[in-house]
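Make a model of the complete structure from these sequences and hints.
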Amino acid sequence: MSFSWDLLVNAVVTGVVLGGFYAATAIGVTIEFGMLDIVNIAHPAFIIGGAYLGYLGWSAFDFDPFVSMAVFAPLGWLFGRAFYRGYHVFFERRGDEALQGLAFFFGILFVIEIGLVLTFGVDYRSIVAPYVSKTFGIGPISISWRLMLPFLVGLGMLAGIQLFLSRTFVGRTILAVAQDAEAVRLIGADPIRAKEIAFGIATASAIVAGILLIIIQPVEPSIGREYIGRVFAICVVGGMASIPGALVASLILGVAETLTTTFFGPSWSPAVSFGLLLVTLALRPAGIFGR
Amino acid sequence: MSAQADPAHRPRKSTLLPPRLRPGVAIAVTGVIFAAAAILLGSRVSAYYYLAAYTILQFVVLGTAWNILGGYGGYVNFGTAGFFAAGCYTTIVLNKLFQLPLLIDMLAAAAIAGLMGLATGYLTLRLRGIFFSIATLALAIVLQTVIVNWGFVGGARGVYVVRPQISGLFDSYAHLLVTLMIGLATCAVLAAWAVERSWIGIGLAAIRDDETAAETSGVPSLRLKLIATTMSGALMGMAGAPFPYYVSYVDPATAFSLAITVNSIAMPLIGGTAAWWGPLAGAIMLGSVQQVLTVTISSAANLFFVGMLLVLFLTAAPRGVVGIARAWKRGRAWT
Amino acid sequence: MDVNILAAKGISKRFDGFAALSDVDFVLHKRERVGLIGPNGSGKSTLVNCLTGIITPDDGTVAFNGNDVTATPAWIRAKRGLARTYQIPRPFTGMSVQQNIEVPLRFAVGHTSARAVSDAAQAILDQVGLADKAGLSPRRLTQVELRKLELGRALAAQPKVLIADEVMAGLSDSEIDEILALLTRLNAEGISILLIEHIMRAVMMFSQRIIVIVAGQKIADGLPDEVMKRDEVERAYLGE
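Note that the protein sequences, when read in sequence, are chains A, B and C.
If you read the first sequence in the numbering used here, its first letter stands for residue 1, the second for the next number, and so on.
If you read the second sequence in the numbering used here, its first letter stands for residue 1001, the second for the next number, and so on.
If you read the third sequence in the numbering used here, its first letter stands for residue 2001, the second for the next number, and so on.
Partial pick of chain A residues on the chain B-facing surface, computed with a CB cut under 10 Å:
(1) 33
(2) 39
(3) 100
(4) 103
(5) 107
(6) 111
(7) 115
(8) 117
(9) 118
(10) 228
(11) 268
(12) 273
Derived coverage of chain B by chain C (criterion: at least 3 residues anywhere in the stretch with Cβ under 8 Å from a Cβ of chain C; other residues may be distant):
(13) 1198-1207
(14) 1211-1223
Cβ pair distances, simulated, as ranges:
(15) 61(A) x 1331(B): 50 to 60 Å
(16) 1047(B) x 122(A): 28 to 38 Å
(17) 2009(C) x 74(A): 57 to 67 Å
(18) 1253(B) x 120(A): 15 to 25 Å
(19) 2175(C) x 1199(B): 27 to 37 Å
(20) 1223(B) x 67(A): 51 to 61 Å
(21) 183(A) x 2071(C): 26 to 36 Å
Hints are computed from structural coordinates only; laboratory data are not their basis.
Virtual Cβ for every residue (Gly too), placed ideally from N, Cα, C.
Encoded structure:
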């Protein structure tokens, strides 16, 4: 592959834009794993579920993806809350989070993926939205709206969640639970309810991220597995409980993957996120913004 | 003096075998019986049953191996398929280069997969358990990427492996494979039983319950965890070594199949992780059901069933069949 | 010939910017009985964690029996004879009470025969008064019994140094006396003891020397009567 500056610059810019989308996929894990210590490896399955909801909305009801987001994100919020309730009763209360809890989330990940295969088959599904196929250019760089919209929505979602967590009472309770659940009880707040709400937000963010995904590319059920490495890498590299950290980590991952794909081919890109994660764990386990 | 009172004529109780060793002997004897049956019955039994038996036996090994680290140690391996495939491809590589007996292939597979387990453990076991789990996942994905890009072993297209001609004891190579797998399964279960009642098992149990308290009680936690990952990996590799001969055609999709990973987790958890016979029970139960389902419905529906059963057991009966059995004996709730 | 069996010099530890320990020096002489007191959150448990090897201090050294153990893993320190109890009991919940005691017997002491381990475990259970609970799960024990199990587990390691972290919390007066008698007997047999307690009468009765830690710093170190009369110590306990 011949080297050219244009190629490099385009790759970096594309990587940054992709990174914004990756941030949307990982914010849920930053909340669930980074803040609440819930090892939800099924999060990528929720994302893919969201993508298929987006597909369903478009194919059955002619929903524009943003309409799908407005309709399905609240459903994700409710589902997430109910799901956490169940997880708390059956696993956290029993003290079974370590082995059984982890295996449980793996089971959920698996059941959702196979469930999607049984319902939709293994063929790729995509949606068509008129504005999505357009591109715009700045100098030698050309970006498509297909990537730009998820980038913008991703940033918006992160900003919204960060504001919610730092400015509202419920949000600050969640941050407090992340630091010390027992202390939260002492000030009269209910840490379990806070975790439930946080999990609801995280699930809703997964649904939105999934719909963004199907805007970017066609989906099939096993794509979720690619995201396990990505979302956990972003969470850890970003410093676990830090949203700004997750954003920076997402941009780094996006650029690293795009450069790898551009110069070494696409078959190596699944290894990038895991490589980044392993290097971080070996050299600076606290991540960028971690303590 | 009556015969009863005379010690020389008192009926002898079975003091030949101390109770502690009885399960081990039972396992070994059962294995020998099954192996002998496999050899003697030979072609008189339909090949279908042999093939089904091979799959179930393979899962006995994989589930038991997984449980040594998972159930006994509390560390979840999401990359069983990676270790299994390492065994597969060790055979494929050795077969292309040298044409060695299968037993040598299995030993080589044990060494390579064991080393993989050791390395993964060494890099991540000082961190939290979840990072070990993610590392095993990463390992499987990276390994698959490497194999897919490696022309020598067929890359994405796969390879054909020809079964050698044999004569004598076995009616066909398939019978040899099944007998071999019976032997391997017996060894795996024996190993699990031995670990469980040894200082390794006790140490792992302490680590699983509270690693910090275990350390201050003198338990060398990193060392024990590394022993467990190495043993577990080695057994998984050995399970994979005969696979190319079993299927005759191997491609990365089959060797790294998700079904291998899911089953190796579901079978011990459903059977019960606390005892050596849990993964065995899980493999036989779940393995048999799957044989039926795959043929009658579809392989995807079959996997869906396995996943649902896993989730169901984790929620309703987290101690598995072992837990249910033990609770029944004690007359208490099974959770 | 080192008269200190356990010595820490210049121990500092920060967590997320919070200074849990600042430049703490500490010695425990052979066969000595030392009491360590201080308000909740003052850093006592952090110091114990540094001494036993659960955490590594940011600065400073730890020496056990004349050897530098600052970088030595906790399990090796345990094998060499440094035992501790935990403020909040941490039993092995998947095993019976007796099996809990057997873990340090097998690993710290090195017994191999099941018979020897079982006999020794039963002796320890007798010593701490848990003989009739031997086969139960720790989940069925009361708080007080759990603390006795902690003590039993520490004793099973045949320690040269025993760090007793709040073993007496929640005990009745007679039970406190029982434990004090046990600890005194162990000390007479040669075990050096560091007693961390809030129950002042026990600390005063038992200790040959008292160390006071407040807000991560050692503010007093000397004879019990003298230390308790000091203003800083009184102020630290105001309201307690």
